[in-house]
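Visitor: This is what each chain is made of:
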Amino acid sequence: MKASDTLINDLAPQKFGRKGVIWTTALIIISIAGIIAYIDQVIKGQVVTNMNDYALWGIYISNFVFFVATSFVGAVTVAVLRLTDNAWRTPIVRIAEIISVACIIMAGLTIMIDMGRPDRLMNLFIHGRMQSPIIWDVIIIPTYIVICLLLLYFPLLPDLAILKKHFSQTHPKLSKWYGKFSLNWTGSDKQKKIQLKSIHIIAILIIPAGFILQTVDAWLFSTLFRVGWDSTNMGAYFISGASVAGVGALVTVVYVIRKANKLENYITEYHFDKLGKFLVLTCLIYLYFNINEYVIPEFTSKKEEVTHLNHLYSGQYAPLFWFVIIGGLVIPIIVLLFKKGRKPLPMFYIGLLVVVGSWWKRFLIVTPTLLQPFLPIQGVPESWHHYFPSIHEWVITFATLAMALLIITFLVRYLPIIPIQRTADEQEATKTNKPLSS
Amino acid sequence: MANKKTENGSENRRNFLRLGLMSSVSAVAGASLISNLATGEEKKASGEKVRVLTPDGKMVEVDAESINNYPEAVITPEESRKGIPDKKFVMVIDLSKCKNARKCVEGCQKAHKLDDHQEFMKVQLMQNNEEGSPYWLPKPCFHCDEPPCVTVCPTGATFKRDDGIVLIDNERCIGCKFCITSCPYSARTFNWGHKEKFDDKSQPYSPETQVPAAEGTVMKCDFCPDMLRQGKLPYCASSCPMGVIYFGDKNEDIVTNGTETVSFSQLIKDRGGYRHLEHLGTKPNVYYLPAVNRQFPVERGFDVDEEILDRYKDVPIVKEFKEQGKL
Ligand code: SF4
Ligand code: SF4
Ligand code: SF4
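Protein chains in written order, with our numbering: chain A, 1 to 438; chain B, 439 to 765.
Keep in mind that the hints were calculated from the coordinates and are not lab data.
Some hints here could point you the wrong way.
Unchecked claim - Pairs of lysine to aspartate or glutamate, DMTMM-like flavour, derived with a Cα cap of 25 Å:
id: 1; chain 1: B; residue 1: 751; chain 2: A; residue 2: 305
id: 2; chain 1: B; residue 1: 551; chain 2: A; residue 2: 382
id: 3; chain 1: B; residue 1: 548; chain 2: A; residue 2: 382
id: 4; chain 1: A; residue 1: 44; chain 2: B; residue 2: 569
id: 5; chain 1: B; residue 1: 598; chain 2: A; residue 2: 230
id: 6; chain 1: B; residue 1: 751; chain 2: A; residue 2: 304
id: 7; chain 1: B; residue 1: 633; chain 2: A; residue 2: 382
id: 8; chain 1: B; residue 1: 639; chain 2: A; residue 2: 119
id: 9; chain 1: A; residue 1: 44; chain 2: B; residue 2: 653
id: 10; chain 1: B; residue 1: 751; chain 2: A; residue 2: 382
id: 11; chain 1: B; residue 1: 541; chain 2: A; residue 2: 382
id: 12; chain 1: A; residue 1: 302; chain 2: B; residue 2: 568
id: 13; chain 1: B; residue 1: 633; chain 2: A; residue 2: 119
id: 14; chain 1: A; residue 1: 44; chain 2: B; residue 2: 609
id: 15; chain 1: B; residue 1: 760; chain 2: A; residue 2: 119
id: 16; chain 1: A; residue 1: 302; chain 2: B; residue 2: 569
id: 17; chain 1: B; residue 1: 721; chain 2: A; residue 2: 305
id: 18; chain 1: A; residue 1: 303; chain 2: B; residue 2: 758
id: 19; chain 1: B; residue 1: 721; chain 2: A; residue 2: 40
id: 20; chain 1: B; residue 1: 757; chain 2: A; residue 2: 305
id: 21; chain 1: A; residue 1: 302; chain 2: B; residue 2: 716
id: 22; chain 1: B; residue 1: 635; chain 2: A; residue 2: 119
id: 23; chain 1: B; residue 1: 757; chain 2: A; residue 2: 382
id: 24; chain 1: B; residue 1: 721; chain 2: A; residue 2: 382
id: 25; chain 1: B; residue 1: 764; chain 2: A; residue 2: 230
id: 26; chain 1: A; residue 1: 303; chain 2: B; residue 2: 752
id: 27; chain 1: A; residue 1: 303; chain 2: B; residue 2: 554
id: 28; chain 1: A; residue 1: 303; chain 2: B; residue 2: 568
id: 29; chain 1: A; residue 1: 302; chain 2: B; residue 2: 752
id: 30; chain 1: B; residue 1: 757; chain 2: A; residue 2: 304
id: 31; chain 1: A; residue 1: 44; chain 2: B; residue 2: 634
id: 32; chain 1: A; residue 1: 44; chain 2: B; residue 2: 637
id: 33; chain 1: B; residue 1: 633; chain 2: A; residue 2: 40
id: 34; chain 1: A; residue 1: 44; chain 2: B; residue 2: 554
Stated by the list, open to error - With the Cβ distance kept under 7 Å, some of the chain B side facing chain A (calculated, not the full set):
id: 35; residue: 610
id: 36; residue: 612
id: 37; residue: 614
id: 38; residue: 615
id: 39; residue: 616
id: 40; residue: 618
Every residue gets a Cβ at the ideal spot worked out from N, C-alpha and C, and that includes glycine.
Please build the complete structure, drawing on both the sequences and the hints.
Guide: Okay, here's the thing in structure tokens:
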């Protein structure tokens, strides 16, 4: 009894300290700034961006692709960890699911920022045409949102019931909310059976849904006649890239939460070591697809391909390109191959590097290609040859990132990020040496 | 019922065509009716009745005299989806005659109320290979028969008509810009912000004129169906002083640049006509006649405003010319 009490005390959501309050306030301020900038954009139109008739997709789209990619972490951790019943997953999976929920919701919102006529959103449903990849997105994103939410929610039920009891004296109001969301969980065998079955179904569903989501996202590009997009590599390239972005984000967030909530006893170096191996695996796979994408076309040296690649290797986006390849891929691989590199602190920095690299990677996929059309850009104003985001675009984009973090922060504040019931069961099981069924 | 309609259509087509675009081959006098229409020299009160096609596809009988006053009916977005019956429009651009006079660009811009930098017709300076001599290439929308822009449009705001024309309904467009990225010929432009002229509703909106334009929506060359319905040439074709741009109907196998009317297939065959980026399979309806036996040296094309010349300053061949002091 004693043990499980400390467990609940440790793992129950805690009030923010000073740092937490500052963090949340900062995120709220950035979000509000972004909302104001967006309202201004709606009033004035997209002239407030630096996009033009050639570079007509900018960081709004690359940011959207980044969110979609990062939201893959839920699917990939479930696929790799839950279904293979890896024991070390327990403290990690819920964080992955929280990131997924936050990112996919923000992906749905960010795509609208790029619309010239957000007021006509309904036309997608009134006049939607199935052969357009955008409609595929319109279908798969809400589906994925629902699946992610359910996958987060169902395993929470026992914990919510525990929290209801835990807070019944200290925070009756909060306790009531937990009670409502726990759907009268009593832990009876019947309930457990239904819950396990549901979780199992959703855990299986999220894998194809995640793969479809990433692939549709890749097809948004590869269905178009553009050098750098028109590639059969795209689907797999995006899936592997999404694993990198997602696991990178996971490492970073796990580190911060562990530190902020003092969970060192639950998320140990052992977990970081495993996560590090996971991340390096995804990076290696991604490297493979990058070689396909960036090196192999050099052999046939089709003129358009070579122009495009040289533009990346040594053109105006070269510094960014090399930063993404070296900083976002090569360095993480090298560091993570060493055991010392898989300690929590270095992992945090590597995770951060990977996330930043992944964000810029999406930019490099979207914009340089647009600046290399088949027919040269000619007879247009000088500014149409380049693209760098405007203040509006930056403020709005940062706000979407802040909002994603805000969703994560909110969920971390009110949910037990490490499953209490399961951890208790596991501790019980190790004591009695009985294997635990998932 | 449908059968009868077709019958009627084909029977009447001859008359309409005689009247309209592709005139002189069947016209006895051999004079182009297009120029007749333009100058108003149609047979005066001959009492001769001719049948013409109204915008909504009905045949009406009118006095030959009154043809010039053909009513400019507004084609609503719904009607504009149908296309002009039995037509298959095609454009042929003769590169050997182009000297970058930019009259096509200006004529088109004026008619569509476009701003300085918004060009449905762009003139590009091309060079096929290192040895090849540079030439000017006027580039409208190619009104592809396999248009990627139509395929990817999520709302059907971009659509392909039976007469081959690809149009945009700016009342339906959501501004996703997917069609712009899909077009391999960079034919599309976007209205990034609001402009005062968009508020001028004196002329009701029609996808066939694209006036008034709307913020956050896409525009491009429309092949000027409003002119075609009146039996006139698109603005670019009629504005070109060199007669570079031929326009016509593939079904009738005739194209004209306003002064000369020729057989489309013969022209393509004799002059080695080709389409841009044929290998993409988009099947454009704009053909080019190669820039051989030029009427003008390419330098003549630099005889434009300083500001416009400046827009070409990054083109390698322009840099070369500058070094050689040709500019
Ligand atoms: S040229 Fe471009 S815009 Fe025109 S029909 Fe073809 S794909 Fe569409
Ligand atoms: S921008 Fe408009 S016309 Fe183009 S694909 Fe989107 S909805 Fe269709
Ligand atoms: S056909 Fe009409 S819209 Fe197209 S370039 Fe010529 S004038 Fe402009």
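Visitor: Are the hints correct? Go through all of them and say.
Guide: Comparing the hints with the structure gives:
1. 751(B) x 305(A): Measuring from Cα to Cα gives roughly 24 Å; hence the hint holds.
2. 551(B) x 382(A): holds, 23 Å
3. 548(B) x 382(A): Cα-Cα ~23 Å, so holds.
4. 44(A) x 569(B): Answer violated: residue 44(A) to residue 569(B) is near 48 Å, above 25 Å.
5. 598(B) x 230(A): Distance ~24 Å between residue 598(B) and residue 230(A) Cα, so the pair holds.
6. 751(B) x 304(A): holds, 21 Å
7. 633(B) x 382(A): At roughly 22 Å apart (the allowed maximum being 25 Å), residue 382(A) and residue 633(B) satisfy the hint.
8. 639(B) x 119(A): This hinted pair holds, its Cα atoms lying about 20 Å apart.
9. 44(A) x 653(B): Holds, at about 10 Å.
10. 751(B) x 382(A): holds, 9 Å
11. 541(B) x 382(A): holds, 23 Å
12. 302(A) x 568(B): holds, 16 Å
13. 633(B) x 119(A): holds, 18 Å
14. 44(A) x 609(B): Holds - the C-alpha atoms of residue 609(B) and residue 44(A) are around 19 Å apart, at most 25 Å.
15. 760(B) x 119(A): violated, 49 Å
16. 302(A) x 569(B): holds, 19 Å
17. 721(B) x 305(A): Holds - the C-alpha atoms of residue 305(A) and residue 721(B) are around 23 Å apart, at most 25 Å.
18. 303(A) x 758(B): holds, 21 Å
19. 721(B) x 40(A): Outside the cut-off at roughly 42 Å; violated.
20. 757(B) x 305(A): This hinted pair holds, its Cα atoms lying about 24 Å apart.
21. 302(A) x 716(B): holds, 16 Å
22. 635(B) x 119(A): holds, 21 Å
23. 757(B) x 382(A): holds, 15 Å
24. 721(B) x 382(A): Between residue 721(B) and residue 382(A) the Cα gap is close to 32 Å, so the pair fails against 25 Å, i.e. violated.
25. 764(B) x 230(A): violated, 40 Å
26. 303(A) x 752(B): With a Cα-Cα distance of about 19 Å, the restraint between residue 303(A) and residue 752(B) holds, given a limit of 25 Å.
27. 303(A) x 554(B): violated, 32 Å
28. 303(A) x 568(B): holds, 13 Å
29. 302(A) x 752(B): Distance ~22 Å between residue 302(A) and residue 752(B) Cα, so the pair holds.
30. 757(B) x 304(A): It holds: about 21 Å lies between the C-alpha atoms, which stays within 25 Å.
31. 44(A) x 634(B): With a Cα-Cα distance of about 12 Å, the restraint between residue 44(A) and residue 634(B) holds, given a limit of 25 Å.
32. 44(A) x 637(B): At roughly 15 Å apart (the allowed maximum being 25 Å), residue 637(B) and residue 44(A) satisfy the hint.
33. 633(B) x 40(A): Since the Cα atoms of residue 633(B) and residue 40(A) sit roughly 16 Å apart, the hinted pair holds (cutoff 25 Å).
34. 44(A) x 554(B): Holds - the C-alpha atoms of residue 554(B) and residue 44(A) are around 20 Å apart, at most 25 Å.
35. 610: Check passed: Cβ of residue 610(B) comes within 6 Å of chain A, closer than 7 Å.
36. 612: holds, 5 Å
37. 614: holds, 6 Å
38. 615: With a minimum Cβ separation of about 5 Å from chain A (threshold 7 Å), the hint on residue 615(B) holds.
39. 616: holds, 6 Å
40. 618: Holds. Min distance 5 Å.
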